[in-house]
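Colleague: Chain by chain, the residues run as shown.
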Amino acid sequence: MRFPSLEPHLEQQPQPGKIQLRDDPSFAATKMAAFQYIAVGVFLFLVTGFWELQIKSPEIYNERAERNRIKALPIVAPRGKILDRDGRVIVGNHSTWSLILSRENLRQEHLHEIADGLHLDYDDLVRKVGRYRNRPKYEPIIIKEELTPSDLAFVEAHRDPETFPEMELIESQRRLYPDNGILAHAIGYTGEISESELDIPEYAKYNQGQIIGKTGIEKEYNDTLMGIDGERQSVVDNRGKEREVLGIKEAKPGRNIQLTIDLDLQVVAELTLEGRRGAVVAINPQNGEILAMASRPSFDPNKFAVRIKGKDWTELTSDPGKPLVNRAIQAQWAPGSTFKPLVALAGLESGSVDQDTNFQCGGGATFFGHYYKCWGTHGTVSLHKGIVQSCDAYFYNVGNKAGIDNIAYYATQAGLGQKSGVDLPDEASGTVPSPEWKLRNFRQKWFAGETISVAIGQGALTVTPIQLARAIGGLAMGGVWHTPHLLISGTKTEKPHEWALNPENVRNVVDGMYGVVNEAGGTGVRAKIPGLDVCGKTGSAQTASNEYAKTHKDVKDNAWFVEYAPCHNPEVVIAVLWESAEHGMLSAPIARDVMAAWFDKKQRLAEAESARQKLNPATSLVSAILPTLKEPSQAAGNAGPPPAEGTH
Amino acid sequence: MFQFASIKDFDWTMFFVSMIICGLGVLQIFSATHDTVWQGSWWKQMVYIAAGILLMWIAANIDYHALMTQVYLLYISSILLLVAVLVIGKRAFGSTRWIALPAGIHLQVSEFAKIAIILLVARFLTELRTDVLELRDLLKLAGVILLPMALIAKEPDLGTALTYLPVLAIGIFLAGMPWKYWLAIGAVALLVVPVGFASLQGYQKARIVSFLDPERDPQGTGYQLIQSKIAVGAGGTWGKGVTKGSQTQLRFLPVPHTDFIFSAFAEEHGFIGVMLVLILYFVLLMQIVQNAQTAPDRAGMYICMGVGALLLFHILVNVGMVVGRMPVTGIPLPLMSYGGSSIWSTFLMLGLVNSVRVRRFVN
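Sequence lines, in order, name chains A and B. Using the working numbering, you'd call the opening residue of the first sequence number 1 and step up by one each time. Using the working numbering, you'd call the opening residue of the second sequence number 649 and step up by one each time.
Read the hints as simulated data drawn from the structure, not as lab findings. None of these values were measured; they are calculated from a predicted model. Be careful, since some hints might not be right.
[Stated by the list, open to error] Residues from chain B that keep clear of chain A, each with C-beta distances beyond 10 Å, as calculated:
1) 687
2) 701
3) 724
4) 740
5) 743
6) 798
7) 831
[Claimed, not checked] Okay, the calculated beta carbon distance ranges per label pair:
8) 846/B x 121/A: 37 to 45 Å
9) 244/A x 846/B: 44 to 52 Å
10) 26/A x 695/B: 40 to 48 Å
[As the list claims (entries may be wrong)] Only some residues are given here: those of chain A computed to face chain B with a beta carbon under 7 Å:
11) 31
12) 49
13) 53
14) 62
15) 65
16) 238
17) 525
18) 543
In this text, a Cβ means the ideal position worked out from N, Cα and C, and glycines have one as well.
Same shape as in the complex, but just chain B (with noise of 0.2 Å):
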């Protein structure tokens, strides 16, 4: 199962790209941790991108398709895993997301479940054989989603369950749904809304009615939003230089290593900086549905959409709460943001891209 592809077909624009993002992230923590008890962040950053690239060598290396053939076995791993998160994880900032290992590592079991998730989604929906998916079929597939999701949201960390979904909708989507499913969807989406803001946490609903109006509650979970906001716009065009931004720098920025670290690199580097790292960002995407577009067969497809819509939808999120145009949910920016599981799974993701680009001649 473990071929040596050729050095040429490796995607070298997507990892080229990844590295610059990376690199700016780096200088990014630095930046914003220079002179705080984090201040060894960015050097650690760079170890785990090291590992990162790594990883993705070797799941460039792995067939995807026996990767599938695993894929059960992967789904229960992970659910197992999620599992013991909540029974033996450790609990940090009010909620329980890692499992600590050896060496002070500790990893974030639900980054890592979504690579399953994506191959499983990829498998389920190669193995049908009609042209648009059936009631059955959609409800064994939301099924298998909702529960690692479910998981994930009694950490709780509904920011991660939530990045599960786009992976479901471009498979439902790409595989083909008649049109009154997704009437129904949508139907069932607007009855849902208001039941589960009802049954959502103290913080997260404040999270809500303070993303639409964070003035009303400045102190309180409006502070984030509003001080990234300022940060973003006291950014200007060209951005106030590295450790030269005064939200970063005096910490009125939360956490601006991690969720709000794209906000931090708007204010240090201004409209300019920021339109390069989106289309960065953007080619990224591009070259990920390119090789979407150029796979062998359906489960490479698959597999490069489901990585893409992932990511696209961790960027619209992240980035759109930066701005204040999505609320505030708590999850990495990838490449970008400081963290060993983002970045690693974030790795692991582009290696399976360039594991179905590699075998795109094969036939």
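Excised from the complex, chain A in its bound form (with noise of 0.2 Å):
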């Protein structure tokens, strides 16, 4: 199949069995000269590209490399920890696993399995993410702390750059709080710092992501607890293997904090309570310091240490004991009988009654046309007796002399109806009525009759306990109030309130106080302690009014004790808050097992301390200062079935 060519060279040397081949190909030479050009184009079309990338912008690729290259893990910094007055370690730390997801290799597609894995809430995770959109790539995002074994298998096993590249490793610090929920309301807890919180100004210096205290110590004194973070940068390869450590900025540890708290007794506190609603605070009014303080029923909060489940939080909220409460500082309650030595007080100073002003008690008294009842019969009754056996009509008739405007001034002068001032957040402040109060908050004119309600503690007075402890605290102290406080050598070396009362009044106050627990008749003889002063004052407080209890049997009035001992110059004041328990003698026995405890150990250590020096100087305080805790013995145990005449 030959065509004739026109090319007549071409057929000058045909060669049998061999293809026609020879050619010329001066034919396309303007198509080899176009592929030329088009070769000029394709080089001209690839430098280009290079020149984009190298000389025209190379530091963000430079940049990209670098980020690459190195990576910056955060080394959490250990909160700082908390120890009790003789140095015992209440709130500590372990090291964990915490799981960190690095935003540049994160893939949205991952999370789900992700999730699975360490069995975390899918959305919850999503939402995390979505909350750091608008930070830095390179800042990582903590995930999960607290990783469990089966948790770090399955990150070991799928932190390849072909499965999940962003999962990452970190130790950190976890908080470890004490059993039981012992101190829980007044250490508090921590948690991640949340959004909200974020766009607070007085949080502006806390990061995302960052660990701080949320309520309680932990939170009061965060900045001192929280330590600065720490991180590493390290050169790494593709697979997240370290290649080389750049640089190492080591985490600045927290602080520790020593709180004015006796482990001992705080213990004690919280046995005492078990199985009850209420609070008891131990303070020595001598300094303001916080020996014990106790809120029943309490939480875990090694629960927050982490992050708490959705599942628990709704149990703790919905609980209708209200287990986040701290019921030392926040629960309100008429203060019953227990304020009544406040109103001696008040009548003795404005001089509307003295030590041997006696009135009638025949079952109760009439003013202004209605009859105030007595709890019982005590004919005549003076100021020593009215306090003893808590004789209401006594009461009724000094409130009635003294007025409403006395009592609200000493009752404030010695702390009540304002915050104590303790180191700790959302405290409550209570009630102390008067009449520009009720006329500021409800408009409403004064009745003469609320004067004798409040006279006995009732009506519109409220108190928490550890203004309760305070107020009588300092009264015993003769008119030195001292702001109550937790952290041991603290920034709360507040000046304390001082007011000259007469010592002549205080004495008369404190003796009828000390007939309470050691006469016969006395309505607190179950705080008796052999060998020891103890004052104190009982106090059985109606949470609702007589026509709402008369229609609900169940509810029941609220038992508080307060004593201090010795009686003169105490070491100790505490304040006993029994909710529904109805008696405020059945909370004596539970003031006297703190104050018991607190007095053995002093003895204890005084007994160790001579006989060391005896013995052995060399020998450490140590055995001496860690004592067995004895088993307290059960309030309940010992308050039996409330005798016939009933106590108030």
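Two independent chains are provided; combine them into the complex using the hints.
Modeller: Below, the structure is given as structure tokens:
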């Protein structure tokens, strides 16, 4: 199949058996030139590509190469420990592993499997990742702390580049709180800073993802307790394997803080309250140091230490016992008869009555046409007898004579109706009613009958346990009210509120309170401790009006007891609130056990010290300051059935 | 058929240029693998190159006319070997491209089949005596090229399969084709693209999508493109120096001694180094075109231009991929990328060009 050629020279040497190949290629010269131009075009196209990346904007790529290369992992600073007054650890830390997601390799579609693998809630995780949208990409997200061995196995098996390269492990510290909710309310708990907190100006210094104190001491002294996180910068390869450490900025651990709490006393207070709703506060009235602060029911702060599960949170917040409320500083109830020493003081100081003024108690008294009942029939009642037997009729008269203004004035001087200033967040202030108070808050006139109710610690009057302890402690001190505080040598060295009381008047009230515990017929004899001068006062406070209580049999009175010892120059003042226990005298054994624990320990320490000096001066104090705790007697067991006559 | 031509006639410019490119390739292979499991690659590459030079010498001394007579034999054995690859080939990285030979050598048949295709196109077009290509001839030619392409695409190795197209295209272009055919091809291509895209494998689609928008999926298929661009950009004007490129050394760059060798090179040698290599490649191509222009006959011209078009396509796709202007296709950069098959087939093609060159004064 050959065509006649136009080019004769091709025909010159036909070789049989060989294909006719000889041919002048010059016909395609233009096209070959065109190919050359195409090649030039291709090379220019490529050169511009390099020009753009290497000459025009190499910084962008250099930076990205650096970010590829250098990985900064946070070194979480451990929070400071919280110690008790003897230096024993109340709240410590232990190391755990946390999982962080590096957002530079984060892929949204991995989240589902990661959430599954770590037993996290998928929606929570997505929300969390979403919150970081506007943060720089190199900031990692801590998505789970306190990894369990199975979590760790999951992470180790899946953090390779092919599966979930975004997963990284870091070592971190986890808060370790005492078991059984001991001191839980005062200490509080920590948690990751929330979105809403980040909007508050005071929180501007914190960063997303940081763990901060949420309540209690953890919140109050957060800046001291919180350390400064460090950072480890290293060169990593594409598998995240560390090749070289560039630098380590060590974490600066938080500082430890020492509390005024005595752990031994605290444990006794917690145990005596076990199974009850209430609070115990023990304060040294000479300096305001809080020796114990218990509130029950309690909660386990360890559940918050990582991330509280939604179910646990709902359980805590919907519990009718309100376990999250720190009753020691937040329960505001009428103080009942525990208010009477202050009414007595108001009467004496204002000169309305003196220690010899007598009133008749025929089971009640009539004022302004109303008959006000007393809980018993006490006949002729003096100040001393009035306090010892807690005669309502006597105090109706004192209140009536002194007037609401005097009562409110002295109550306010003693620190009621205002926050005690304790170094804890969210303290309640209680209420001291007065005509001005009523006018301001309700735009109503004060009724004289209300004064009668306030005189026995009822009506609109409310106090918190810590206020009551502080008020009675300051009274016993002769008019020196220290600010209660938990930090042992902290910033709370404010001057106490001093107010010169007539020592004679103070002595009369104190004698009455001594009688409550130590005299026959006293309402608080159950608080008696042999060999120790204990003064106290019971209180059975109504929590609802008489009318309401009539139709609702389940409404029971709160049982209060406040006591201090020794009677002169007291070292400890204890306020006990037992909600719905009906009789104030039932709270007395609780206070007694705590008080006894304090003086037992003091005595043991003194004995151990003298023995040490006698036998071997070199023996350390350790054995002495770490006494084995005796199981305190259960107050409920001692209480028995209330006596027939009842006490107030 | 074996004629020893004069040493003087050999294309020494082309030889030295390709030696420099090979040398830079070896240096880069060393730098990219010096502390990895592939750390022996650089001297293996030197052995491949030495063998390649020998192959080039042999090819240069074979009269290409003699090869042309055997072209159908070459073509049929290529097809058989490609089928053999699919049947008994060695599977690696998700595709079956290699035939295992003794001594641990794995040959990539598709690299060598290129040579048969170049010769086949040359012979087919030389035998035509018309000024323009008739439709019947065009379809015949396209048919014989699409068969091996289909076999290679089945491996799957779409990138290498596509390298056969420029050989066909340059042949048709040089032989001359009525402009209405070009239009028709363009129209068909427009129709085929969406259909073809739909029939691609998942990873192939992903590669194209991520080429169009690499940041959309920075961890997946876009990863290689992004890391390559970062490496190139980080190189800047002067580069980071041999064994100093973090993208290369820390292996953020995928396969920095094979497909992405130029990316690693650009990181460590910068824009200056890139320009040098591109100029060398350009000189190499121009040498090949010049040999085509001085070829004694159409067959020689078609061979040279086929080789030139194929190399240009390799450079465009591989280097274009490195700067993010071409999708990731996984075809090597001739003379630089590590690998015996690629080195040998390239040297064989250069040998063919020399075979044409040394016979330019015959007649």
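Colleague: Of the numbered hints stated previously, which ones are contradicted by the structure, given in increasing order?
Modeller: 17 and 18
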